[in-house]
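Novice: Listed below are the residues making up each chain.
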Amino acid sequence: AQKVTQAQTEISVVEKEDVTLDCVYETRDTTYYLFWYKQPPSGELVFLIRRNSFDEQNEISGRYSWNFQKSTSSFNFTITASQVVDSAVYFCALSAASTGTASKLTFGTGTRLQVTL
Amino acid sequence: GAGVSQSPSNKVTEKGKDVELRCDPISGHTALYWYRQSLGQGLEFLIYFQGNSAPDKSGLPSDRFSAERTGGSVSTLTIQRTQQEDSAVYLCASSLGSSGHFTGELFFGEGSRLTVL
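Here the protein sequences come in this chain order: R and U.
The opening residue of the first sequence carries number 1 in this note's numbering; numbering runs sequentially from there.
The opening residue of the second sequence carries number 1 in this note's numbering; numbering runs sequentially from there.
Simulated from the structure, these hints should not be mistaken for laboratory data.
Idealized CB from N, CA, C, for every residue including glycine.
Label-pair restraints from in silico Cβ distances:
1) T20/R - Q80/U: 40 to 50 Å
2) S38/U - Q83/R: 26 to 36 Å
3) T9/R - V74/U: 34 to 44 Å
Starting from the given sequences, assemble the full structure and let the hints guide the process.
Specialist: Written out as structure tokens, the structure reads:
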């Protein structure tokens with residue numbers, strides 16, 4: 001079975017602080033994908049990143065960076081110099097072929113990030 | 001339209017009534033998903049359609065829930081004899097889909113908020 005754990009329910013930071021959102025996953029598959037989605041107040045989830053299990057290189061996109069470590073089954077997301085517009089619920093997700101379809105995502109419970117001035 | 005469109009955006013119904021939620025995916029996307037987001041919970045997979053293949057219904061919580069997709073495009077999620085625990089946001093997503101490994105991303109609609117009194 002697949003499982004994604006986001007232990008941080010809510011995080012509150014002041015603008016310009018760095019913040020890391022944790023994600024720990026469980027799967028027996030050797031081939032899988034990890035995702036981060038952002039859900040702003042409008043409700044529409046927005047895709048941020050996809051990483052496959054064979055690519056452990058960390059990725060940076062502007063103020064966003066992702067740290068994938070297979071040894072600890074973690075895929076953490078860091079926002080540098082946070083801004084008020086980063087306030088949202090962030091979901092980590094996993095897909096693996098053993099779910100019956102590699103397209104079926106298993107989501108974590110989300111981390112609500114509140115960035116204040 | 002350019003994105004995934006869902007209707008109604010809000011639905012309030014009385015316990016025991018049937019409801020229908022509609023999803024209009026992005027044109028050309030062969031894969032369509034329904035997820036449910038309950039307060040404080042992650043996204044719970046309900047059902048997945050891929051082209052003309054039989055849908056993956058493994059996530060439907062009871063036989064009161066059903067979904068169909070007509071003409072490979074619009075989908076309707078039907079909940080019969082609604083219960084208060086059905087209250088949630090029902091999210092639809094579409095993707096280009098694939099017969100093999102999942103390499104794409106999901107595009108979500110803004111959801112239909114269902115409240116059962």
